[in-house]
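Participant: Sequence:
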Amino acid sequence: MERQTHKADSNIVNAGDVLEFLTGGFYKAPSIVSYNLLPTNHVTPVSGSSTSPTPDDSIKLIPLSESPVLQRAGIECKCDDSIAPAAGAWRVARVSAYGSSTLKKSEEQNIEEEVLHGILVKHYN
Numbered sequence: 115m116e117r118q119t120h121k122a123d124s125n126i127v128n129a130g131d132v133l134e135f136l137t138g139g140f141y142k143a144p145s146i147v148s149y150n151l152l153p154t155n156h157v158t159p160v161s162g163s164s165t166s167p168t169p170d171d172s173i174k175l176i177p178l179s180e181s182p183v184l185q186r187a188g189i190e191c192k193c194d195d196s197i198a199p200a201a202g203a204w205r206v207a208r209v210s211a212y213g214s215s216t217l218k219k220s221e222e223q224n225i226e227e228e229v230l231h232g233i234l235v236k237h238y239n
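Per our numbering, residue 115 is the first one in the sequence shown, and the count goes up by one each step.
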């Protein structure tokens, strides 16, 4: 995992998990880990914003299986198409769960997990 340093007054755009749904795993969601290594980080004011672009709320998050590129590369579905959430439902589930759900320790080191809409979500803490 490549570490990125903070950029003052930056904007973060994360299209990760939606892009992973729609491409059947061809593009992987990034693993985001926060580091706080320097004591000066505790007193330095930081401003910025974060956004996650998504398709229309009604679009089901299933792989675009008609894509010749994805057909050649292979499609790894995160869930069965019948239970795939719509983009709006997924966004609401992710935002609502953040900081309020109980995470379960994974067998993998430094990873916690939760299940949203029947889909395993990993948190790299």
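Among the hints, a few may not be true.
[What the hints assert, rightly or not] With a cut-off of at most 20 Å between alpha-carbon atoms, the simulated SDA-like pairs for lysine to any residue come out as follows:
| # | residue 1 | residue 2 |
| --- | --- | --- |
| 1 | Lys-192 | Lys-236 |
| 2 | Lys-142 | Ser-214 |
| 3 | Lys-174 | Tyr-141 |
| 4 | Lys-174 | Ala-198 |
| 5 | Lys-236 | Pro-144 |
| 6 | Lys-236 | Asp-131 |
| 7 | Lys-219 | Ala-201 |
| 8 | Lys-174 | Gly-232 |
| 9 | Lys-174 | Ala-201 |
[Unchecked claim] Restraint-style ranges between C-beta atoms, simulated for each label pair:
| # | residue 1 | residue 2 | range |
| --- | --- | --- | --- |
| 10 | Tyr-141 | Asp-171 | 13 to 23 Å |
| 11 | Asp-195 | Ser-215 | 17 to 27 Å |
| 12 | Thr-216 | Glu-180 | 37 to 47 Å |
Since the hints were made in silico from the structure, they are not lab data. Note that the structure is predicted; figures quoted are calculated from it, not measured. For glycine and all other residues, C-beta sits at the position ideal for the given N, C-alpha and C.
Participant: Now, for every hint given, state plainly whether the structure supports it.
Facilitator: Hint check:
1. Lys-192 to Lys-236: Given pair Lys-192, Lys-236 holds - Cα atoms ~12 Å apart, limit 20 Å.
2. Lys-142 to Ser-214: 25 Å, violated
3. Lys-174 to Tyr-141: 17 Å, holds
4. Lys-174 to Ala-198: 6 Å, holds
5. Lys-236 to Pro-144: Between Lys-236 and Pro-144 the Cα gap is close to 11 Å, so the pair holds against 20 Å.
6. Lys-236 to Asp-131: 11 Å, holds
7. Lys-219 to Ala-201: 27 Å, violated
8. Lys-174 to Gly-232: 14 Å, holds
9. Lys-174 to Ala-201: 6 Å, holds
10. Tyr-141 to Asp-171: 13 to 23 Å: 21 Å, holds
11. Asp-195 to Ser-215: 17 to 27 Å: 25 Å, holds
12. Thr-216 to Glu-180: 37 to 47 Å: Distance hint for Thr-216, Glu-180 holds at roughly 39 Å.
In the structure shown, a violation is registered for the earlier hints numbered 2, 7, in ascending order.
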